[in-house]
Amino acid sequence: MILSCGEALIDMLPRVSTSGEACFAPYAGGAVFNTAIALSRLGAPSAFFSGVSTDMLGEILAETLAASKVDTGFLARSSRPTTVAFVKLVNGQATYAFYDEATAGRMLAEADLPALPPDVQALFFGGISLVNDPAASTYEALQTREAAARTIMLDPNIRPGFIAGQEDSYRARIERMIARSDIVKLSDEDLHWLEGPGDLTALARGIVARGPKVVFVTEGGDGARAVTATTERRAPARRVTVADTVGAGDTFNAGVLAALHRAGALSKAQVGALSDAVLDACLDLGIRAAAVTVSRPGANPPWEHEL
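Those letters in the sequence shown? Residues 273 to 579, by my numbering.
These aren't lab readings, by the way, just hints derived from the structure by calculation.
Treat each hint with caution, since some may be false.
Stated by the list, open to error - The calculated lysine-lysine pairs, modelled on DSBU-like cross-linking and capped at a C-alpha distance of 35 Å, are:
#	residue 1	residue 2
1	Lys341	Lys360
2	Lys485	Lys540
3	Lys360	Lys540
Unchecked claim - Estimated spans, in silico, between C-beta atoms of each pair:
#	residue 1	residue 2	range
4	Ala545	Glu447	22 to 30 Å
5	Tyr371	Pro508	32 to 40 Å
6	Arg287	Pro390	41 to 49 Å
7	Arg448	Ala474	19 to 27 Å
8	Ala545	Thr290	54 to 62 Å
9	Gly315	Glu335	27 to 35 Å
10	Gly495	Arg534	16 to 24 Å
Ideal Cβ positions, reconstructed from N, Cα and C, are used throughout, including at glycine.
Please construct the entire structure, taking both the sequences and the accompanying hints into account.
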């Protein structure tokens, strides 16, 4: 089983009413939430851990997970409100305004951390859940507790506007979590934000030198690459008509982990010695799945039979 650990929220997506007025429609979302759903839809055993409200919006989140056959047994439920993000789309690119104070997700504490059964092989972390305390420290504590025994994948999914005012502490946390991770995924923009200008492969190798065994870099329309200490594999993007990019990177992450599951290569030792063929399979499934997601509005990852 793969346990995705991070934010679950309601995305308010821009729509037009039947009378032609601009409006927003609620959709279950959050980067890590999306990855958990995409994993299950791609045929991998998927579970989700987060602070989720018992309010009306929290019920939408729990029901959406269950509808995609994600295990909800690890959820930390509380009566605090649900995080809401209003989304603005410009040429298909999403920007966000978050409302996150004192929410069920934000107030997640170490006392809420679950005991994990042996069948949890891998944990995935990322998203805005790694920005604000106490939740950010709680997720880092879980990663610290489990990193020696289980495969860890990290995608910071950096939102500079959300980090404003706490960049130093955020960078320090991400550096610590990178060092404990086996797999790191970064967009090209994320990689440059962390490492500055330079060749993507060289910058990714700098990340590998800090502890991870493989770094995946997504490059939008230019595809993606996988970089280890000794090899680099690349794959082109699929050409599709883009509705929007919401959930694209989240789905790519699921594709990588689902491909490792299919290959029987999810253990820490196996991730440390991935063949070119398995790296190619990770890139292929991640790109194919993400291409479906961007071809339709919102974060709506494909089911296995759609690929």
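Practice prompt. Output the numbers, in ascending order, of every earlier hint that fails for this structure.
Written response: 3 and 9
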